[in-house]
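Peer 1: Chains as they are written, first to last, in this note's numbering: chain A, 1 to 256; chain B, 1001 to 1642.
In short, the hints are calculated from the structure, not lab data.
Note that the structure is predicted; figures quoted are calculated from it, not measured.
Be a bit skeptical, because a hint or two may be false.
Computed, partial: chain A to chain B, Cβ under 10 Å [claimed, not checked]:
1) Tyr31
2) Glu34
3) Asn35
4) Gly103
5) Thr107
6) Thr157
7) Ala243
8) Arg247
9) Val250
In silico lysine-lysine, DSBU-like type, Cα no more than 35 Å apart, as pairs [as the list claims (entries may be wrong)]:
10) Lys1498(B) / Lys1469(B)
11) Lys1189(B) / Lys56(A)
12) Lys1533(B) / Lys1189(B)
13) Lys1189(B) / Lys25(A)
14) Lys1019(B) / Lys1533(B)
15) Lys1498(B) / Lys25(A)
16) Lys255(A) / Lys1189(B)
17) Lys1601(B) / Lys1005(B)
18) Lys251(A) / Lys1601(B)
19) Lys15(A) / Lys1498(B)
20) Lys101(A) / Lys1637(B)
21) Lys210(A) / Lys1533(B)
Ideal Cβ placement from N, Cα and C applies to all residues, glycine included.
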Amino acid sequence: MSDGSNKSGMTIHLKIWRQASGASKGAFFDYTVENVLPEMSFLEMLDILNETLVQKGEEAIEFDNDCREGICGTCGLIISGVAHGTHAGTTTCEVRMRTFKDGDTLTVEPFRAKAFPVIKDLVVDRSAFDRIQAEGGFVSMNVGSAPDGNAVPVPKTDADNAMDAATCIGCGACVAGCPNASASLFVGAKISQFSWLPQGDPERARRALKMVAQMDAEGFGDCSNHGECEAVCPKEISIQNIARMRREFVKAAVKG
Amino acid sequence: MADRKLLDPKIPAGPLADKWDRHMMDSPLVAPGGNRRKFKVIVVGTGLAGGAAAATLGELGYNVLNFCIQDSPRRAHSVAAQGGINASKNYQNDSDSVYRLFYDTIKGGDYRSREANVYRLAQLSMGIIDQSVAMGVPFAREYGGTLANRSFGGVQVSRTFYARGQTGQQLLLGVYSALSRQVGAGTVKMFPRYEMLDLVVVDGKARGIIARELTTGRIERYEADAVVLATGGYSPVFYLSTNAVNSNATAIWRAHRRGAFFSNPCYTQIHPTAVPQMGDYQSKLTLMSESLRNDGRVWVPKAQGDKRRASDIPEGERDYYLERRYPAFGNLVPRDIAARAAKVECDAGKGVYNTGFAVYLDFAEAIGRLGRDTVSDRYGNLFQMYEEITGDNPYETPMMIYPAPHYTMGGLWVDYNLESTIEGLFVAGEANFSDHGANRLGASALMQGLADGYFVVPRVVASYLAGSKLDPVSTDHESFKEVENDVRTQTQRLLDIKGNRTVRDIHWELGRVMWDKVGMARNAAGLQEAITKIGALREEFWQNLALTGADSDLNKQLEQANRLADYLELGELMARDALMREESCGGHFRDEHKTDEGEAKRDDANFTFVSAWEYTGENKEPAMHKEDLVFENVELKTRSYK
Chain A
1 MSDGSNKSGM
11 TIHLKIWRQA
21 SGASKGAFFD
31 YTVENVLPEM
41 SFLEMLDILN
51 ETLVQKGEEA
61 IEFDNDCREG
71 ICGTCGLIIS
81 GVAHGTHAGT
91 TTCEVRMRTF
101 KDGDTLTVEP
111 FRAKAFPVIK
121 DLVVDRSAFD
131 RIQAEGGFVS
141 MNVGSAPDGN
151 AVPVPKTDAD
161 NAMDAATCIG
171 CGACVAGCPN
181 ASASLFVGAK
191 ISQFSWLPQG
201 DPERARRALK
211 MVAQMDAEGF
221 GDCSNHGECE
231 AVCPKEISIQ
241 NIARMRREFV
251 KAAVKG
Chain B
1001 MADRKLLDPK
1011 IPAGPLADKW
1021 DRHMMDSPLV
1031 APGGNRRKFK
1041 VIVVGTGLAG
1051 GAAAATLGEL
1061 GYNVLNFCIQ
1071 DSPRRAHSVA
1081 AQGGINASKN
1091 YQNDSDSVYR
1101 LFYDTIKGGD
1111 YRSREANVYR
1121 LAQLSMGIID
1131 QSVAMGVPFA
1141 REYGGTLANR
1151 SFGGVQVSRT
1161 FYARGQTGQQ
1171 LLLGVYSALS
1181 RQVGAGTVKM
1191 FPRYEMLDLV
1201 VVDGKARGII
1211 ARELTTGRIE
1221 RYEADAVVLA
1231 TGGYSPVFYL
1241 STNAVNSNAT
1251 AIWRAHRRGA
1261 FFSNPCYTQI
1271 HPTAVPQMGD
1281 YQSKLTLMSE
1291 SLRNDGRVWV
1301 PKAQGDKRRA
1311 SDIPEGERDY
1321 YLERRYPAFG
1331 NLVPRDIAAR
1341 AAKVECDAGK
1351 GVYNTGFAVY
1361 LDFAEAIGRL
1371 GRDTVSDRYG
1381 NLFQMYEEIT
1391 GDNPYETPMM
1401 IYPAPHYTMG
1411 GLWVDYNLES
1421 TIEGLFVAGE
1431 ANFSDHGANR
1441 LGASALMQGL
1451 ADGYFVVPRV
1461 VASYLAGSKL
1471 DPVSTDHESF
1481 KEVENDVRTQ
1491 TQRLLDIKGN
1501 RTVRDIHWEL
1511 GRVMWDKVGM
1521 ARNAAGLQEA
1531 ITKIGALREE
1541 FWQNLALTGA
1551 DSDLNKQLEQ
1561 ANRLADYLEL
1571 GELMARDALM
1581 REESCGGHFR
1591 DEHKTDEGEA
1601 KRDDANFTFV
1611 SAWEYTGENK
1621 EPAMHKEDLV
1631 FENVELKTRS
1641 YK
């Protein structure tokens, strides 16, 4: 932990995408933030920038964020061309300024995809993900119907595999990182999670068919195995989940 | 005061263990089918309590409107809970039982919670695990395929279920999946990016809300037969807290202004293990799960002002003060005790880090005993998170931690049916005051949120709908117009100030007052000072707020300004409540009331009650009412974890 005594700070130049609304045209605007401390988060630097803008009577830059600890999946910026920045395994809110150098110039853009229309500045609409979930991202288990928690044993490795897939935070970086803007990693992770568990078995075919169909309907592109999704995923969700989704889908389609 | 009301908690008659079943037997029902569809229920919030309530009401066939401020219900702040969820399953054969979980929760809450509610919570805890497992929540398991458990503070059994360090996330995604299914089925209509800005009361009953669509600023009216608030707690009144930056108290505070009493606002939980504050640019503090205290040892140097690195301080010169002071529970004492103990050490000049406001949480012994892999398996993501923030590797050097505002036990007053003092307004999860008394035990928030959401709200709301005469109401009703007008007026008022101080600037100042005077230790002079300062700051806010942008657009500064307006009132109420409560209990510690050993000293003769504050108007002193707490099953004792 920094001893906090370094008060000099860095100067960071920013080229930030601003767009008044989804209907209007956007452009990059230049800003400079002084006295950026290494232990600051990237979003705290943007907070400081916004403070100075408001004090000057200008509109603050809008960006989505909430938990600021990498778990809610709300934040998501393209920092210098990479979704959530170049530091692996972190969300935008976890990016610390110590990963940059004094005098750096960084571009900041929203997650770009046809299925993620811009709302304002750096804020996009990711409700397509919710609509995919509503098609089958669940086990149909009404409250009251559940057997005892230990009634169905689940091998530890299966539970661990399900958990690996379930850690997806639904941020959309996989879509933003993919040259085709495919949502396959997101959908694959959810289908995989349930495919590892006995609880997910009764609906596995229906789930795979309906979620994949909705993914296509939302205008996401196809997966062509670039692997960018896995590279930018802040939770390091494995691309094997896409392979697993394909197997589930093909099995379901063959069964009819 | 002659007009003080004694509130009736409507606790059902009969033995503790039978109350809930009997109550359900005695409550009216709505028959399945078309009748349920005719009833419309508004649920605000999509966390464990709100999302589960909305999904379950949808499953039962009610017509549900579910609102959340986030862009998706999956992002509610329950997602950030780390360590686990308690349930009295006794899977570990270590003498756990419903009664023990009930007893531990009553004791952990320092005997300031309602027996009947807590017993029900313990009863329902088991069904939560069953339900979540059946929905595909990937809890940690043993090699034999059974569910794994860990220990949490304040108890001597292993009853905490977990999914690595992301239990809240996994349980919330379970809730979200149930909700998604109902959205697909058309029983629940979701309203993401909507903020409730007021409650509409018609003929004394909660009949709707006024909400702002956050991307366009549209103010909209929604009517219903009942309203459920599950909007979380109010820790961000401290500015720096472990909560998400958009977590806020606006829904419950506006309901309070419309007549819902606010209970025990001074009961706040300062969590002992968060990453210490590093600078005044910070936007939040990050929690390090309590589960870490299973294997981590808390210590400070024995000598004051010892500036050596942790690794250079020999074993004999370290003070493992929790193990020393509380040998029976050691590092696993309840949160309030662990937090205060850290403050005592730091105030005595033994704190570490350049600020002196941090203590060590050391895993060297655990890594030696269990191996790095096992420690990584248990806490890997937390260690990684800590390293991202601080740049330090906790496998090599001890973590530094300090207490941080985390959870609020206070909230809107509710009776046994989770109904507030406004008929038809139900409050669930952290937003109500009900189950945790003056201190919440670890892994109990998830339990309460889901117990309320899956099991209690669906049943009590159904009884209300079946048993009440509810005339149809339209959003053209005069009350809707009036309340909408109030909302519009306040928004315009905020935009018209055109002053010099930003929302953050004023909120930061409020936070410092709250932390210094209404934080881990409080006294009469400090609380009086806080009341004066907050009043002055409120005035400053309404005269000198700098706000840009418009109301007809996505404008987060405006959203935060609205929330801060409420915190500036709520903060004062917290100080008033703390001043009134001339005792120390749980998270409420008054310097004037402590034992010779520095422990909290309750005054059961005079303070075995729930405070319930009534809003009386802007800048007017609120009126306090009471609910006496009656203990028929548990004997009130001085809490001891020694």
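Peer 1: Next step is simple, just say for each hint if it's right about the structure.
Peer 2: Each hint tested on the structure:
1. Tyr31: Because about 15 Å separates Tyr31(A) from the closest Cβ in chain B, which is outside the 10 Å limit, the hint is violated.
2. Glu34: Interface hint status for Glu34(A): violated (12 Å vs cutoff 10 Å).
3. Asn35: The hint holds - Asn35(A) has a Cβ within 10 Å of chain B, the shortest such distance being about 9 Å.
4. Gly103: At 20 Å from the nearest chain B Cβ, Gly103(A) fails the 10 Å test, so the hint is violated.
5. Thr107: Hint violated; Thr107(A) Cβ to chain B Cβ min 22 Å, cut 10 Å.
6. Thr157: At about 9 Å, which falls below the 10 Å cut-off, the nearest Cβ of chain B leaves the hint on Thr157(A) intact, so it holds.
7. Ala243: violated, 20 Å
8. Arg247: Nearest chain B Cβ about 19 Å off; hint violated.
9. Val250: With a minimum Cβ separation of about 22 Å from chain B (threshold 10 Å), the hint on Val250(A) is violated.
10. Lys1498(B) / Lys1469(B): violated, 47 Å
11. Lys1189(B) / Lys56(A): With a Cα-Cα distance of about 41 Å, the restraint between Lys1189(B) and Lys56(A) is violated, given a limit of 35 Å.
12. Lys1533(B) / Lys1189(B): violated, 43 Å
13. Lys1189(B) / Lys25(A): holds, 32 Å
14. Lys1019(B) / Lys1533(B): violated, 46 Å
15. Lys1498(B) / Lys25(A): The hint holds at about 29 Å.
16. Lys255(A) / Lys1189(B): Between Lys255(A) and Lys1189(B) the Cα gap is close to 33 Å, so the pair holds against 35 Å.
17. Lys1601(B) / Lys1005(B): Holds, at roughly 27 Å.
18. Lys251(A) / Lys1601(B): violated, 66 Å
19. Lys15(A) / Lys1498(B): Satisfied, since the Cα-Cα distance of roughly 28 Å is no more than 35 Å.
20. Lys101(A) / Lys1637(B): Not satisfied, since the Cα-Cα distance of roughly 58 Å exceeds 35 Å.
21. Lys210(A) / Lys1533(B): violated, 58 Å
Hint compliance for this structure: hints 1, 2, 4, 5, 7, 8, 9, 10, 11, 12, 14, 18, 20 and 21 are not met, and every other hint is.
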